[in-house]
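S.K.: This is what each chain is made of:
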Amino acid sequence: MSAGRGVAGRRRAAVELAPQRGPQPAAAAGANAVLAAGRRFRNILTVLRFAAATGFADFGTMFTWRSWTIGWLSRVLCQVTFFALIGRLLGAPEAVRYLLIGNAVLIAVLESAFVVASTTWERRAGTLPLLIAAPTSPVLVFCGRSVQWIASGTASASVALFVLSPLFGVALPMPQALVAVPLIGLVSLSAYCLGLVLAGLVLRVMQLRNVVGNVTWMVIALLAGVQVPVTFWPAWVQAASAVLPARNGLAGIRALLDGDGVGAVCSAAGLEALVAVGWLAVAGLIFRHLAEQGRRDGSIEFVD
Amino acid sequence: MRVLLAAARLQLATFRRSPDDLMVLLTVPLFTPIFLVIAKHAGRLDLAPYAVLAPGIIAMLSMALNTSGEIIERDRWGGTFELTLATPARLPVIVLGRVATVTLASLLGIAESWLVAYLMFGIAVPVLHPGAFVLTLTATAIATAGTAVVFAAVFVWTRSARTFQNSLSYPLLLLGGALVPVALLPEPLHPISRAVYLSWAADLLRASLAPGPVSALWPRLGIVVGLGAVGYVIGFALLRWVIHRARTTGKVGYA
Numbered sequence: 001m002s003a004g005r006g007v008a009g010r011r012r013a014a015v016e017l018a019p020q021r022g023p024q025p026a027a028a029a030g031a032n033a034v035l036a037a038g039r040r041f042r043n044i045l046t047v048l049r050f051a052a053a054t055g056f057a058d059f060g061t062m063f064t065w066r067s068w069t070i071g072w073l074s075r076v077l078c079q080v081t082f083f084a085l086i087g088r089l090l091g092a093p094e095a096v097r098y099l100l101i102g103n104a105v106l107i108a109v110l111e112s113a114f115v116v117a118s119t120t121w122e123r124r125a126g127t128l129p130l131l132i133a134a135p136t137s138p139v140l141v142f143c144g145r146s147v148q149w150i151a152s153g154t155a156s157a158s159v160a161l162f163v164l165s166p167l168f169g170v171a172l173p174m175p176q177a178l179v180a181v182p183l184i185g186l187v188s189l190s191a192y193c194l195g196l197v198l199a200g201l202v203l204r205v206m207q208l209r210n211v212v213g214n215v216t217w218m219v220i221a222l223l224a225g226v227q228v229p230v231t232f233w234p235a236w237v238q239a240a241s242a243v244l245p246a247r248n249g250l251a252g253i254r255a256l257l258d259g260d261g262v263g264a265v266c267s268a269a270g271l272e273a274l275v276a277v278g279w280l281a282v283a284g285l286i287f288r289h290l291a292e293q294g295r296r297d298g299s300i301e302f303v304d
Numbered sequence: 001m002r003v004l005l006a007a008a009r010l011q012l013a014t015f016r017r018s019p020d021d022l023m024v025l026l027t028v029p030l031f032t033p034i035f036l037v038i039a040k041h042a043g044r045l046d047l048a049p050y051a052v053l054a055p056g057i058i059a060m061l062s063m064a065l066n067t068s069g070e071i072i073e074r075d076r077w078g079g080t081f082e083l084t085l086a087t088p089a090r091l092p093v094i095v096l097g098r099v100a101t102v103t104l105a106s107l108l109g110i111a112e113s114w115l116v117a118y119l120m121f122g123i124a125v126p127v128l129h130p131g132a133f134v135l136t137l138t139a140t141a142i143a144t145a146g147t148a149v150v151f152a153a154v155f156v157w158t159r160s161a162r163t164f165q166n167s168l169s170y171p172l173l174l175l176g177g178a179l180v181p182v183a184l185l186p187e188p189l190h191p192i193s194r195a196v197y198l199s200w201a202a203d204l205l206r207a208s209l210a211p212g213p214v215s216a217l218w219p220r221l222g223i224v225v226g227l228g229a230v231g232y233v234i235g236f237a238l239l240r241w242v243i244h245r246a247r248t249t250g251k252v253g254y255a
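As they're listed, the protein sequences go chains A and B. For the first sequence, the numbering used here begins at 1 and goes up steadily by one. For the second sequence, the numbering used here begins at 1 and goes up steadily by one.
Excised from the complex, chain B in its bound form:
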């Protein structure tokens, strides 16, 4: 637990030094009006909950990709990865502490989006099923952190990590139904989309803003958490492999 907290403190200190890490929180206030003006211009303000929710989901995924995904790689560039590996603390725990901090920070994007909608357009989107909303958000954050551990491990593999970082965001947002529900995607994409935790999470979050009852809440929550757990298992296995490879090949840091 002490290692987790120390890792969280380290990540908070990193935020202060690197505004880029929080860049998404600066761009969220622009995504919200973009989506809302499209809905308003089409006379479909009934879709305001979709438009207000989507920037928050974008913030979560983008920070998982761009900030959490770079945690190990930045340590390697900064020359601190060797020291981290030499300490008795386990690397997966450190990564988890930092990734969890990033994910928690990314939740601010949801609050921001609601605030921008209200201040710029006078639109207050009510959360009609607050219990379901909070539970889903918690499950989504847990699953996002698990997925971010995978990103952090995978991006150490390749020197063109940034290319993949830049490339993965929209495919995942599209398959995850961040704004447009999966049902509107072409039929052949549905099975792939359903393997992405975000598609279940986004549907549930939208359902918790809609007037009707939230159907099959617990099974759907279970799927979000389950897919997130798969992320943790894969992520930790990859991290162990990354550590092993770095130690055996002598490529812990960069020359």
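Just chain A, same shape as in the assembly:
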């Protein structure tokens, strides 16, 4: 982001240039640099906080507590039940367990995929030119803009896992099974990061926002070890699915619930976090490209 745009940008540039104005002791220069970095970090957090507040405000207009619990949550429970019952149709209790855990965690991916659609709301509202003209990076805004889906997805997936498991006779080792909640949050986060990448692409073809979001979670449902183990697929599909959100995180949750060692859980969580960071970096590049190209060819404004 250019530091020279707008009042805030000029102020920030002044702070950043301050150490070069005259000879200063090295310690003072170092302190200034630390202060400037601290200020930048605080600004980033402020932008993320306001963006998240906007997202939660949107969420509040879509759902009340009653419509979320009676409406949305009942759909979530029915969806996971729908897939868990396939295990009963197959006559295999181990399939019930596999499908129930996989599809409960999949709910977190499904909700995170809503970021593809909710990012386009910003463009529909006509605020994209303002975001790009502002002295802060639009990437930051979009990163925080839809985090409500991470919170909602983690909550609904966790409820599905812990409520339906006893109903289907799936034993969960307590209290260590509770560690599944932050792991579900991690899966949700990595799916969100992939969703941001797709959102950046879909901003140019907004009619496809729902199609892309839905196809995304269904591809993950098919290939990431949700319905059948990843080893079911040919080697090349397994290799390609390594970058999919949920593949590693879900493996970690299964390892946790099967009572495998801490090492297996932690390494799966680490890989999931790595996937998240990778997709976040790609999202950053895509949003930057969107802004730069928009400035060049005048396509920032609503074009749908």
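Just so you know, these hints were derived from the structure itself, not from any lab. Bear in mind the structure is a predicted one, so any value in this text is a computation, not a measurement. Just so it is clear, CB atoms sit at the ideal spot from N, CA and C, and this is done for glycine as well. Some hints here could point you the wrong way.
[Stated by the list, open to error] The calculated label-pair distances, taken between Cβ atoms and stated as ranges, are:
| id | chain 1 | residue 1 | chain 2 | residue 2 | range |
| --- | --- | --- | --- | --- | --- |
| 1 | B | W77 | A | V205 | 16 to 22 Å |
| 2 | B | T14 | A | L201 | 36 to 42 Å |
| 3 | B | L184 | A | A151 | 57 to 63 Å |
| 4 | B | K251 | A | T231 | 38 to 44 Å |
| 5 | B | V127 | A | P234 | 26 to 32 Å |
| 6 | A | T231 | B | V125 | 54 to 60 Å |
| 7 | B | L115 | A | G38 | 56 to 62 Å |
Based on these hints, arrange chain B on the given structure of chain A.
M.R.: What follows is chain B alone, placed relative to chain A:
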């Protein structure tokens, strides 16, 4: 009849402009492999007919909920509902024409599912009782259109229609036995499930793919059509009430 055809043409034109309306037909090719890999992994390819049929049923119900259900609401947002009400054509007929077009389009999901199963897995599910299959599919489509009229009227009531749209799909698919027969649902749910036309339709469609004879075809078809007729009666009554309320409160369109 002219109004019905004009409404159908309008709906076809809407499809061209709004790919979201046909989104389900893009996701069906993913439901089929999801269900088939589960069956294949468990060594139960004898359940392939269940796995291939279910995406088609999902397509029908999803389009009834998401596309047909939004017909009036979208007109209100687009500012054309006032004009529609001002024309001499009756709104229920227009809605019926559009809903029927959506339902017919959703039947493509069944063909798609069969095609995906064959192309991806080499599985060709034979229709062993084609007469029963076609009759049941026709009755199911008629009943789905009736249910969609109810959705279209109900979703005008509430501003959180989208919440209900998103929430209704899986409960209905579960109670309708779209993939897993109602017999495998918990006992207390059976009476509720039997009030959903889809549960009778899905059972009959599966029976028409199975080697054994299709028992009690006509009575079961009658129940599908009968429950569909209940949908039409409720749907049209709700539409009349929606029109009356919109006219008397001045809330035909949005500000």
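S.K.: Do the beta carbons of T231 (chain A) and V125 (chain B) sit within 54 to 60 Å of each other?
M.R.: The hinted range 54 to 60 Å is violated for T231 (chain A) and V125 (chain B), with Cβ atoms some 27 Å apart.
S.K.: Looking only at beta-carbon atoms, does the pair V127 (chain B), P234 (chain A) fall within the given range of 26 to 32 Å?
M.R.: This hint holds: roughly 31 Å between Cβ atoms.
S.K.: I want to verify a distance hint. Is the separation of the beta carbons of L115 (chain B) and G38 (chain A) within 56 to 62 Å?
M.R.: Since the Cβ atoms of L115 (chain B) and G38 (chain A) sit about 60 Å apart, the hinted range of 56 to 62 Å holds.
S.K.: Tell me if the beta carbons of L184 (chain B) and A151 (chain A) are separated by a distance inside 57 to 63 Å.
M.R.: violated, 34 Å
S.K.: Between W77 (chain B) and V205 (chain A), is the Cβ distance one that fits in 16 to 22 Å?
M.R.: holds, 21 Å
S.K.: Using the Cβ atoms, figure out if T14 (chain B) sits within 36 to 42 Å of L201 (chain A).
M.R.: violated, 25 Å
S.K.: I want to verify a distance hint. Is the separation of the beta carbons of K251 (chain B) and T231 (chain A) within 38 to 44 Å?
M.R.: Violated - the Cβ-Cβ distance for K251 (chain B) and T231 (chain A), about 57 Å, lies outside 38 to 44 Å.
Checked against the numbered hints given earlier, the structure breaks hints 2, 3, 4 and 6 and satisfies all the rest.
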